[in-house]
Amino acid sequence: MAALSLGVRAAIASFVILAVFLAFWHLGTQGTGPGAAMDPEYAKLMGVTAVTGQSAMPGPGQVGIKLWEHLINPFYDNGPNDKGIGIQLAYSLARVLAGYALAVAVALPLGFAIGMSPLIYRALDPFIQVLRPISPLAWMPLALYTIKDSGLSAIFVIFICSVWPMLLNTAFGVATVRREWLNVARTLEVGRFRLAFAVILPAAAPTIMTGMRISISIAWLVIVAAEMLVGGTGIGYFVWNEWNNLSITNVIIAILAIGMVGMALDQTLGRIARLVTYPE
Amino acid sequence: MSRDHARPLVRAESIAKIYHGKGGTTAVFEDLWFSVHEGEFVCLIGHSGCGKTTILNILAGLDRSDAGTVLAGGTEIDGPSLDRAVIFQSHALLPWLTVLGNIAFAVRSRRPGWRRDKVLDHCRQFIDLVGLNGAEDKKPAQLSGGMRQRVGIARALAIEPKMLLMDEPFSALDALTRGMLQEEVLRICRETHQTVFMITHDIDEAILLADRIILMSNGPGAVIAEIVENPLPRDRTRHDVHHHPLYYATRNHLLDFLVNRSRDLAGTRHIDPRHPPVVRPASDWPAPVQSIPARALGNRTAG
Ligand SMILES: Nc1ncnc2c1ncn2[C@@H]1O[C@H](COP(=O)(O)OP(=O)(O)OP(=O)(O)O)[C@@H](O)[C@H]1O
Ligand SMILES: [Mg+2]
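Chains A and B, in that order, give the protein sequences.
The first sequence begins at 1 in our numbering and counts up by one.
The second sequence begins at 1 in our numbering and counts up by one.
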């Protein structure tokens, strides 16, 4: 046992935890056999699950079968209320990436300006302080009213929620570039453009990437809620729709899918962050 | 000396640094005059906090004097220049660039028109000069302290500045590495006739490297108390410098200044700031032995 590396032992432990969880889940949803004697009228009212004593909560087996069905055919499209989970995730991802890209386009240059100029920092600080704590969903009615398009409104909400961490981290990273590196650049008479791109950007890149990573996580959290509100398409809408259909199995699968995609987004940015990080 | 006729490369005229704090204003130093001539190696010695780094930053153009001017080749310094390369105490390498990248960054600033391979050839030449072959593609974090400082030296020399400004470049290094780097700096400066202004608090370093040693009294209100001309021949080396008959006279003079006189001179009015006394230690000097702690003279009895 001692010969196994930490990674292998951790993997075994993770596997055991998963197995225990699945076992409890299975036992908890298995049902207790035929239900107690019940007034037939009442039993009819309660539906088959109550009569057989089986839980309304699907077990891991049911979820697994359904998951398999989704996996082999994720992109089917049977009209507005029945699309494959892959299509729904793609809608959500597209919105997140669009809003996020907008936020990057705004936050990086603005953050640079704030970080480099104490004047701009002081001028914008009150606005940032007030706007930042606003829940992104609070913007939704205003967005719907002004943009008049639910899809674009969702993108706007993603933009507004992911802009702050990027903006603040960029400004902080730029403002705290080590003085000696700036002095090196100054003694070499490096021009403003080269200073920004060859010194300040790489120096602040790890901090900026931290902000971008926080932003993508928040954006992915918010898109689910936003799509529940605006409806139509997307994984958030899918969850709400399946809840209305009382398909707990599909809700669970959607939850799993949201987690997986969120992890993938975070890991991707984590990779990029590692590329720009430098040891001092 | 013929120096008086040579045009100084850099001349500080009545420079000052004054801070305005809650408890009134404090002048770190005021009304300092000195010059550095072409091809000369000048060391600045003084206790911690007397304003040495401030002076170097003013010469570099990174900091501003609160009075007076600094002239470089007859024109006033109003900012950093590629003519005056700085070797920072903390090496200040860009950690995301390799050794070659750091030096190339400087060379590209100096020679924006050069093609890539010409830049890299030029860089390799200076990597060679400081003995860093084989480490071109390492990042600063992968280098030892001595190697980092070598990169800093190569970066400064690669832009072929008129003047080199060094702020205690070797103080963070172990004695062995320091000695080796001192020798290399000595060799390079002799080969290239490089003008150098260097801060140190190591007396032996100053005697080995400097042609002239500027002694600063303690701050606040620090003054240039004295300028010592190094009486040792210019071809001295680290190994034979101790054997020169004037070595101990010079060393004791500097030591006596640091241990005793620098303190008493703070804020003194007896020195003409434009013409601080220039001394040249001589063999018949009565070495101020009594005033020097025995510990500091260990070499003498041992040698
Ligand atoms: N913002 C400030 N306000 C007041 N005094 C300051 C300020 N910045 C620096 N000083 C003072 O300026 C003096 C000179 O600092 P400097 O770094 O030039 O000293 P130094 O001679 O290089 O010392 P060391 O040998 O330790 O490097 C110090 O005594 C310091 O207290
Ligand atoms: Mg200093």
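Quick caveat, the hints were computed from the structure, so don't treat them as lab data.
Mixed in with the good hints there might be a few duds.
EDC-like, lysine to aspartate or glutamate: derived pairs with alpha carbons at most 16 Å apart [to be verified]:
(1) B:Lys162 <-> B:Asp174
(2) B:Lys162 <-> B:Glu191
(3) A:Lys66 <-> A:Glu242
(4) B:Lys138 <-> A:Glu280
(5) B:Lys139 <-> A:Glu280
(6) B:Lys162 <-> B:Asp256
(7) A:Lys66 <-> A:Asp82
(8) B:Lys162 <-> A:Glu69
(9) B:Lys162 <-> B:Asp66
Query raised in the report: Is B:Lys162 within 16 Å of B:Asp174, Cα to Cα?
Result: Not satisfied, since the Cα-Cα distance of roughly 29 Å exceeds 16 Å.
Report task. Below or equal to 16 Å on CA atoms is what counts here, so check B:Lys162 against B:Glu191. Result -> holds, 14 Å
Query raised in the report: Are the Cα positions of B:Lys139 and A:Glu280 separated by 16 Å at most?
Result: holds, 9 Å
**Report entry** 16 Å Cα cutoff - pair B:Lys138, A:Glu280
**Finding:** With a Cα-Cα distance of about 13 Å, the restraint between B:Lys138 and A:Glu280 holds, given a limit of 16 Å.
Query raised in the report: Does A:Glu242 lie within 16 Å of A:Lys66 when you go C-alpha to C-alpha?
Result: Holds - the C-alpha atoms of A:Glu242 and A:Lys66 are around 13 Å apart, at most 16 Å.
Query raised in the report: Is the hinted pair B:Lys162 and A:Glu69 satisfied, with a Cα-Cα distance of at most 16 Å?
Result: Cα-Cα ~75 Å, so violated.
**Report entry** Pair hint B:Lys162 and B:Asp256, alpha-carbon separation not exceeding 16 Å
**Finding:** violated, 34 Å
Query raised in the report: Within a Cα-Cα threshold of 16 Å, do A:Lys66 and A:Asp82 meet the stated pairing?
Result: Measuring from Cα to Cα gives roughly 15 Å; hence the hint holds.
Query raised in the report: CA of B:Lys162 to CA of B:Asp66, is that 16 Å or under?
Result: violated, 25 Å
Of the numbered hints stated above, those contradicted by the structure are hints 1, 6, 8, 9, listed in ascending order.
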